[in-house]
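Engineer: Position chain C against the provided structure of chain L, taking the given hints into account.
2 protein chains.
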Amino acid sequence: MSDQQDLTAYIAAFVAELSITGVKDVVISPGSRSTPMALVIAEHPELRTHILVDERSASFFALGIAKATRKPVALLCTSGTAAANYYPAVIEARISRVPLIVLTADRPHELRDVGAPQAIDQIHLYGKNVKWFVEMSLPDKTEEMIRYARTVCSRAVATASSYPQGPVHLNFPFREPLIPKLDEKLFELTDRTGRYVEIQTGRISLSDAMFARIAEELAVYKNGMIVCGQIDSDDFTERVLALADILKFPIIADPLSQLRSGEHDGRHIVDTYDAFLRNEDAKEALKPDVIIRFGAMPVSKALTTFIKENRHARQIVIDSGAGWREPTMSANDMYYCDEALFCEKISSLVDYVPETAYLDKWLALNDTARHQLIGIADTEELSEGKLFHLLNEMLPEGATLFVGNSMPIRDLDSFFLFNKKKIRVMANRGANGIDGIVSTAIGVASVSQPCYLVLGDLTFYHDLNGLLASKLYAININILLINNNGGGIFSFLPQANEPKHFEMLFGTPLDLDFRHVVAMYKGKYDLIKDWTHFSKTFTENQHVEGLKVMEIRTTRESNMTEHRNLWKSVSREISAMVKGDET
Amino acid sequence: MSDQQDLTAYIAAFVAELSITGVKDVVISPGSRSTPMALVIAEHPELRTHILVDERSASFFALGIAKATRKPVALLCTSGTAAANYYPAVIEARISRVPLIVLTADRPHELRDVGAPQAIDQIHLYGKNVKWFVEMSLPDKTEEMIRYARTVCSRAVATASSYPQGPVHLNFPFREPLIPKLDEKLFELTDRTGRYVEIQTGRISLSDAMFARIAEELAVYKNGMIVCGQIDSDDFTERVLALADILKFPIIADPLSQLRSGEHDGRHIVDTYDAFLRNEDAKEALKPDVIIRFGAMPVSKALTTFIKENRHARQIVIDSGAGWREPTMSANDMYYCDEALFCEKISSLVDYVPETAYLDKWLALNDTARHQLIGIADTEELSEGKLFHLLNEMLPEGATLFVGNSMPIRDLDSFFLFNKKKIRVMANRGANGIDGIVSTAIGVASVSQPCYLVLGDLTFYHDLNGLLASKLYAININILLINNNGGGIFSFLPQANEPKHFEMLFGTPLDLDFRHVVAMYKGKYDLIKDWTHFSKTFTENQHVEGLKVMEIRTTRESNMTEHRNLWKSVSREISAMVKGDET
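Order-wise, the sequence lines are chains L and C. Position one of the first sequence corresponds to residue 1 (this note's numbering), numbered consecutively onward. Position one of the second sequence corresponds to residue 1001 (this note's numbering), numbered consecutively onward.
Chain L extracted, bound-state conformation (with noise of 0.2 angstroms):
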């Protein structure tokens, strides 16, 4: 049996490893089973923790800080369907790849499986959407299960960081009594004082000889095309830009590629294709011979139809992750290889190309369709495509820019576009849940300001528990909150077409006035009246602190109306173009 001192000795070895491995932030949710990691936890000097109680409100925060500072993040909670309610932001961070250390406390041997309160299965409970699990073994203080406590928590933490990065499970049975002992010593270590083992991931990446021959498959194709989808590592930004550069490539950029913003250029960007691949002269203009993808699918659909419309070319796709982001089955070559290596080795060995029409082709295409959408600048209404060109300009530098899946996510593709600003852009594109997103945004907050999130009004109703943690901790967010009563992408499907029912089902208007709820968690609130108060009010939030939502009312109806209005406009000039262009 175990006792207190090895409750005491085996925790703190696991929670002084999880520090000397770099893990700086706790996320967690009060239970009594999970006690003595608490404690030990609490007691640690370098460990930042947040207390959530809604344990699906605090693996989506914890997500957040993970994904904005691309570190692993640990989470704890107590046994039972606590750990359950983790599973979404867990698949989340399995699919978007983001590192995740999660701590579940849980009943010893003896009282599993036998009708024990608040025990549940809780062995492989994330199947295989975790990256590695491990049952640990009981608390016990020899030197063998202390190098056992260090040595998983550095596996752990390393497996997690390693591409792809993801999500670890690591559950932890605890008997009573459960409370450790803290005193000034626990975390003093009698062995190796710093990380237990060194763990280098090296960097994936293919053979020079391999290399030599991609570059010389490619000098072969004149129309060629990069994609980036959602991808950040600033490594990346810059050696893509380059190979863009000497290839004469345009960079089809989705807004989550981190390259639509930024000090460079944007010479090669291409950001307003989701609006102009919607038109068939263009789609016949642009008819690549080779695509070269890096980073996730984009989110826009036009794009996607156009890449499977396009299977006679070459296309090349680029994943560190080794994974499979293909849903096109268009792929010619798979090259599991670092995405910057990539850049930098193909740009070494290519030879510099002047220019292209190809090129010229797509950019002119581009600045066509830009000039149309951002037309929008001159509605007066009250609209979410309006908004997304607004923050644009008014987005403050170093902003980061949370975006909710559905509608906001597909409006900041339309109008979010290139600045020179650095804004960082993100969302939650693993699973595209509504999900979670408040609380995620709001761990992003907590580690990078300013932060502001746009997201209709089912995402904040989804999430509104998310709301605490900035009341809790003081944590500065702005949310932009678009309320259309209801799902407002579904206007934008076929089920729009079968009126009975569609409300009911698809339209969902929830009818609250959330005004209450930003008042219980201490928020400032706005309703929105025109585009002069939401400037205003943009300003004057960017002083106030905590929590302020600004509120922008819309209809399902009208967003509609404005978009297909705007594609048309697009999608005339565009044909305009082209056809002048073979006059």
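These are calculated hints, taken from the structure and not from any lab test. Backbone N, C-alpha and C define an ideal beta-carbon position, used for all residues, glycine too. A few of these clues could be false.
What the hints assert, rightly or not - Sample of chain L residues with no beta-carbon within 10 angstroms of chain C, all distances over it, derived:
id	residue
1	Arg-239
2	Ala-377
3	Met-520
4	Trp-567
What the hints assert, rightly or not - Simulated crosslink set (PhoX-like; lysine-lysine; CA at most 20 angstroms straight-line):
id	chain 1	residue 1	chain 2	residue 2
5	C	Lys-1361	C	Lys-1287
6	L	Lys-283	L	Lys-222
7	L	Lys-128	L	Lys-141
8	C	Lys-1500	L	Lys-185
9	L	Lys-287	L	Lys-222
10	C	Lys-1185	L	Lys-500
11	L	Lys-181	C	Lys-1500
12	C	Lys-1287	L	Lys-128
13	L	Lys-500	C	Lys-1500
Structural biologist: Frame of chain L, contents of chain C only:
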């Protein structure tokens, strides 16, 4: 490839069968991939649909209906993390044996694990926490596949309903286009218009020879007790009372045994054991030689300890679900047999015992403890214990009382004593989570009126989203919110002796004024000032529709002091009494 005809015919057959097999309620969360199933369900004239955006709340709401009706309830959501949000309720349903039919829409095979949007691995998403998982075929209108859809549906409902009841999961891959053709003949079945397979589930029973042996063996024991944990079956109540009367065994009745309320005379019911089994003199006086247990393990820790301390006694556990509800490692015999049937058979085989001193001892101690406990009625301050005492008197005939975990269930155990009203008492005691309680109770309320929910502030906060159902569907629910600003139970646990970090990790005050959120959901809110105000509001609210929240503010410290003082006074009286008996 499947087309609209395949889609329509296959799903219509499935949904027709769902209704034929007796499913009445479907809780749907909006989404795109689930469109065909949602539209066909909405079209069915006999299925009642409930649309709830937050899948976690939706699934607990479904759990509530299923608990109250003891009939399977269907759940439907779209692909992605939507389905992962069902996990806590699925686990609760599995452990507390509640029938749920979980229907999840999924991407078709070619869009899985390739980075397509909103696609996660849904195969065996809930692991071992469902009784049955089926990856459905793609929609197909051939006669063979219509038979397949109908038989799988029929089998799913039967599997969920048979003992032990529990959740099943059917995963439906759907390809675009997702719109079925709704017409008048949608649910016309061409073959077997009734249930496709008539499934009859028998009751589990021992052989007559075995019953005879058990009856014979029971005759040997003088000091026998019956322990009833959570169980909810009308048959059982009557028969266990008859058995107790024949054997003259006391029934130690957990508040969830449904034995503490009802029209019977309560002659053998012991309901204050949690108070007096903390006393060594009582425990010494009450040593049993046989313990017969039915239902889940009771809430009372004092009772569990007493059972463990009496391993010399013959301990018999009866479980119709053929599980292992036995964390004490004390059972000598485990009988997998329908509980009502067991009582009936044994009653018919054993001789009538006119009286036992052992029963008299239990009842005398129970009377003494009861006398002390109802002294709480004199408390002038707002107190958690007195609330349950008052509910005993004030709850209207036929009410359902739903109780949150952590402190409320324990106060229920201590203070909600035997009464002759028809009160059904419910709680989520599978995994004892603080998640989903509001939704479960509102699900119960949607089919059983009047309904009262007593819960603490952390539990209320955890599922605030659950309040939406009351607003959307005008469901009457009376919420008695005990707000002690944090986790009250920890004051009773050893953690309370560690002042360092206590408030941060365990006290966790949220400092929320819930008045605001009740206003958002258009509910009636009252902050209770004193017991007179409580009575007045309680009575008044019986004539108010919709959501009603009565907030009772208490302090964790005074609650703990009150409980400790009461236990002490019970113990003093009990000791005096036991010693008096001996002299």
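Engineer: Could you work out which earlier hints the structure fails to respect and list their numbers in ascending sequence?
Structural biologist: Those not satisfied are hints 3, 7, 12, 13.
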